[in-house]
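Student: Sequence:
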Amino acid sequence: MSTMLSSVKGAGLGLRRDLVGELQTTPKANIDFMEVAPENWMEIGGHLGRQFRYFTDRYPMLCHGLSLSIGSPAPLDEHFIVRLKKFLDKHRIAAYSEHLSYCGDAGHLYDLIPIPFTEDAVAYVAERIQRVQTILERPLIIENVSYYAAPGQVLSEIDFV
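Numbering (my numbering), first residue to last: 1219 to 1379.
A portion of the hints provided could be inaccurate.
[What the hints assert, rightly or not] Derived lysine to aspartate or glutamate pairs resembling EDC-like cross-links, with alpha carbons at most 16 Å apart:
hint, residue 1, residue 2
1, Lys1308, Glu1261
2, Lys1308, Glu1240
3, Lys1304, Glu1240
4, Lys1303, Asp1250
5, Lys1304, Asp1250
6, Lys1304, Asp1236
7, Lys1304, Glu1361
8, Lys1227, Glu1261
9, Lys1308, Glu1361
10, Lys1303, Glu1355
11, Lys1308, Asp1250
12, Lys1227, Asp1250
None of these hints come from the bench; they were simulated from the model. None of these values were measured; they are calculated from a predicted model.
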């Protein structure tokens, strides 16, 4: 998988369902790779699933997730992570990135909530990242999220990350 990941360079495009039809007639040379939110494609079959396969057969793909909730106090959704791994494997997607945040506890919050910049949070999230990487059998790339206030912040953002 590392060879596939190293081949991803240049200008990419976020693949959205509304773009699928028109993009099938666009010359490949204009797009070097594509990025998808796996939550939007994991359960898709039929005609749209075949269209998605068209792109995964022709372009290097990256996934940028929206709902792993790596910093959540709730347990990791390992069922989701196993389904994600099957999706990544099926489509030969080498790289998966996610937000350093949480987006749910007892339910989905539909927002990316920053986690506190503390030593405890570092240890907690590091353990969860290791678990996700073990299940996915590939690195988990982490992106910090924007925030407007940081109550209880003990570390600077750069020290935390």
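Student: Could you tell me which of the hints above the structure violates, numbers in ascending order?
Tutor: Violated hints: 2, 3, 4, 5, 6, 7, 8, 9 and 11; rest satisfied.
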